[in-house]
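Chains A and B, in that order, are what the protein sequence lines are.
Counting from 1 along the first sequence, just add 6 to a position and that's the residue number in the numbering used here.
Counting from 1 along the second sequence, just add 113 to a position and that's the residue number in the numbering used here.
Rather than coming from a laboratory, the hints here were simulated on the basis of the structure.
Some hints could be false.
Under the rule of at most 35 Å between Cα atoms (straight-line distance), these lysine-lysine pairs were calculated in the DSBU-like manner [claimed, not checked]: (1) Lys401/A - Lys118/B; (2) Lys125/B - Lys352/A; (3) Lys243/A - Lys162/B; (4) Lys421/A - Lys201/B; (5) Lys162/B - Lys148/B; (6) Lys136/B - Lys185/B; (7) Lys383/A - Lys141/B; (8) Lys201/B - Lys95/A; (9) Lys310/A - Lys118/B; (10) Lys95/A - Lys204/B; (11) Lys243/A - Lys101/A; (12) Lys185/B - Lys266/A; (13) Lys352/A - Lys136/B; (14) Lys310/A - Lys148/B; (15) Lys310/A - Lys185/B; (16) Lys162/B - Lys125/B; (17) Lys272/A - Lys243/A; (18) Lys421/A - Lys204/B; (19) Lys136/B - Lys95/A; (20) Lys204/B - Lys272/A; (21) Lys95/A - Lys185/B; (22) Lys421/A - Lys118/B; (23) Lys136/B - Lys302/A; (24) Lys13/A - Lys201/B; (25) Lys421/A - Lys185/B; (26) Lys125/B - Lys101/A; (27) Lys310/A - Lys204/B; (28) Lys307/A - Lys204/B; (29) Lys117/A - Lys185/B; (30) Lys243/A - Lys185/B; (31) Lys101/A - Lys162/B; (32) Lys147/A - Lys125/B; (33) Lys310/A - Lys295/A; (34) Lys162/B - Lys383/A; (35) Lys162/B - Lys352/A; (36) Lys243/A - Lys125/B; (37) Lys185/B - Lys55/A; (38) Lys272/A - Lys185/B; (39) Lys310/A - Lys162/B.
Computed from a predicted structure; not experimentally measured.
Okay, here's what each chain looks like letter by letter:
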Amino acid sequence: MNELLRKTAAEQSKALKNKEISAVELTNAAFERIDSLEDKIGAFNSLTKETALQTAKKVDEMIASGEDLPLLAGIPLVLKDNMNLVGSKTTASSKILENFVSPFNATVTEKLLNNLVPIVGKANLDEFAMGSSNENSAFNKVHNPWNLNKVPGGSSGGSAASVSSCEATLALGSDTGGSIRLPASFCGIVGMKPTYGRVSRYGLIAFASSLDQIGPFARSVEDAANLLEVISGHDPKDSTSLNLPVEHYSEFLNNDIRGKKVGVIKELLGEGITPDVQKAMDNAIETYKKLGCEIKEISLKNLKYSIGIYYILATAECSSNLARFDGVRYGYRTPNPQNLMEMYTKTRAEGFGPEVKRRIMLGTYALSAGYYDAYYKKAQQMRALVTQEFNEAFKEVDVLISPTCPNTAFDLGAKSSDPLAMYLTDIATISCNLAGLPGISVPAGFDSDGMPIGLQILAPQLQEGRLFNFAYQFEQANDFYTKLANI
Amino acid sequence: MITVKDVEHVAKLARLELTEEEKELYTKQLGDVLKYVDQMNEVDTSNVKPMTQVIDFSNVMREDVPNQEISKEALMANAPEEENGFFKVPKIN
């Protein structure tokens, strides 16, 4: 393989500008890498060679004419396959959308194309982004590049695995309850979920609209900060996108954090955390102390309810969002339905996989007459309490830290028959979505089997700059991010 | 406790046809999840306002100007069945 593929986007950008390699050559090198690895990894649902090479060619033309390149121009990137790119299949890893071809671009896609970022393909995911291991895909299984018998994490497992294995340099994922941060942690890379409303959701296939956000994957904090800058901003097509100026997040990286306060979430230490992950946390705390920060223990009493709250609210929203898949306008339709009702019920029975059906059922139940107050309204009230608790915590500290997950990547198949056990994987990540906070997972060490561990950092709403600052300072004080999967 | 009858009712609301095995499986699995969710009831929320969104949005208005960024042909290209530019579905009964 071309060794430049192992470098960060920042280094690749330099190589492009110095004409050490052309953008077309870099993109082709990525495709060669993908061709040689995909049998083992399974990160892609489809490749978008033509679009990628067209974009790369434009980058080379700009370089040849001496023009300044836009941020991340020419850097190979993967889109999670729940984001629309004109002319590409957008399947959400579901049989119900297996043959759906996007008639429009998501806003993030438009922004990437405007910045001349070559989109090399569409990444595998848990069906409709519902899952924590990527095993709910209707298509291929995704394997963790650090150990092919292990899951990459989910739901953005293909995005994480492609960046971790250097098939691509950058990727976009979506995060509803941890779907960017968890796979970033399991695959030893950086993954970031922005403040709710920071990035337009137009053209992202909706799962739970009050929780979903699109965010970056990269192999360094700096690259993730730059990618967020490219995709952020107000969009008239998404009325929940915030009308605020986009910041240059990379300018925050080197800010002095001496004297700042780092809160350690008490409920995510000790019991339930594996010893190796605990050790990595101890190192993280030591790192921030050495960087001159004050460490403060913060108790979030309502955190333990967050999974319950989430699985009511997210499933209620998904039962509504997925009502559109009815076999009428697009997607799969059951063959030879006898009448309209049969078309609906059979199309959905045949088109959706088991986890999606389970969540539609749970959400429909929670919203149904007689249960609405006990489940949906109660969960909304609890969501308010979780959010209040974060607001109180951020009066005392600048950021909060915890493990991204209490454990490292588990074996393929280990939890797939027990939905509740799988849901509990998200204990550390879910509350961030409930409160709409920005959160990041950065490489923080390895367990005794060599599997990556992630450190999660959370900041108050719209403090992405601060989040990247603390993440970068931690990253540079250690060398975990320089270690790549040996594949 | 959630029963097979509840599951059948919910499946009907959700327009999902379930096999007998699925009905039994979901009765058990949804029961497990709901039992876990019931932990929420340890907390008194009688004076808490339900939270529907995390950012304070007011109504977002725009001028009502028609535009057509996506052509009709492009949209209809994904239709399972089409006739004269319309989506075609089987009869209601």
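Status of each hint after checking the structure:
{"no.": "1", "hint": "Lys401/A - Lys118/B", "verdict": "violated, 49 Å"}
{"no.": "2", "hint": "Lys125/B - Lys352/A", "verdict": "holds, 12 Å"}
{"no.": "3", "hint": "Lys243/A - Lys162/B", "verdict": "holds, 29 Å"}
{"no.": "4", "hint": "Lys421/A - Lys201/B", "verdict": "violated, 42 Å"}
{"no.": "5", "hint": "Lys162/B - Lys148/B", "verdict": "holds, 24 Å"}
{"no.": "6", "hint": "Lys136/B - Lys185/B", "verdict": "violated, 40 Å"}
{"no.": "7", "hint": "Lys383/A - Lys141/B", "verdict": "holds, 24 Å"}
{"no.": "8", "hint": "Lys201/B - Lys95/A", "verdict": "holds, 23 Å"}
{"no.": "9", "hint": "Lys310/A - Lys118/B", "verdict": "holds, 31 Å"}
{"no.": "10", "hint": "Lys95/A - Lys204/B", "verdict": "holds, 30 Å"}
{"no.": "11", "hint": "Lys243/A - Lys101/A", "verdict": "holds, 28 Å"}
{"no.": "12", "hint": "Lys185/B - Lys266/A", "verdict": "violated, 56 Å"}
{"no.": "13", "hint": "Lys352/A - Lys136/B", "verdict": "holds, 15 Å"}
{"no.": "14", "hint": "Lys310/A - Lys148/B", "verdict": "holds, 14 Å"}
{"no.": "15", "hint": "Lys310/A - Lys185/B", "verdict": "violated, 49 Å"}
{"no.": "16", "hint": "Lys162/B - Lys125/B", "verdict": "holds, 32 Å"}
{"no.": "17", "hint": "Lys272/A - Lys243/A", "verdict": "violated, 40 Å"}
{"no.": "18", "hint": "Lys421/A - Lys204/B", "verdict": "violated, 43 Å"}
{"no.": "19", "hint": "Lys136/B - Lys95/A", "verdict": "holds, 33 Å"}
{"no.": "20", "hint": "Lys204/B - Lys272/A", "verdict": "violated, 59 Å"}
{"no.": "21", "hint": "Lys95/A - Lys185/B", "verdict": "holds, 18 Å"}
{"no.": "22", "hint": "Lys421/A - Lys118/B", "verdict": "holds, 28 Å"}
{"no.": "23", "hint": "Lys136/B - Lys302/A", "verdict": "violated, 49 Å"}
{"no.": "24", "hint": "Lys13/A - Lys201/B", "verdict": "violated, 52 Å"}
{"no.": "25", "hint": "Lys421/A - Lys185/B", "verdict": "violated, 45 Å"}
{"no.": "26", "hint": "Lys125/B - Lys101/A", "verdict": "holds, 21 Å"}
{"no.": "27", "hint": "Lys310/A - Lys204/B", "verdict": "violated, 49 Å"}
{"no.": "28", "hint": "Lys307/A - Lys204/B", "verdict": "violated, 55 Å"}
{"no.": "29", "hint": "Lys117/A - Lys185/B", "verdict": "holds, 24 Å"}
{"no.": "30", "hint": "Lys243/A - Lys185/B", "verdict": "holds, 19 Å"}
{"no.": "31", "hint": "Lys101/A - Lys162/B", "verdict": "violated, 40 Å"}
{"no.": "32", "hint": "Lys147/A - Lys125/B", "verdict": "holds, 31 Å"}
{"no.": "33", "hint": "Lys310/A - Lys295/A", "verdict": "holds, 28 Å"}
{"no.": "34", "hint": "Lys162/B - Lys383/A", "verdict": "holds, 9 Å"}
{"no.": "35", "hint": "Lys162/B - Lys352/A", "verdict": "violated, 40 Å"}
{"no.": "36", "hint": "Lys243/A - Lys125/B", "verdict": "holds, 33 Å"}
{"no.": "37", "hint": "Lys185/B - Lys55/A", "verdict": "holds, 27 Å"}
{"no.": "38", "hint": "Lys272/A - Lys185/B", "verdict": "violated, 55 Å"}
{"no.": "39", "hint": "Lys310/A - Lys162/B", "verdict": "holds, 20 Å"}
Comparing the model with each earlier hint shows violations of hints 1, 4, 6, 12, 15, 17, 18, 20, 23, 24, 25, 27, 28, 31, 35 and 38; every other hint is respected.
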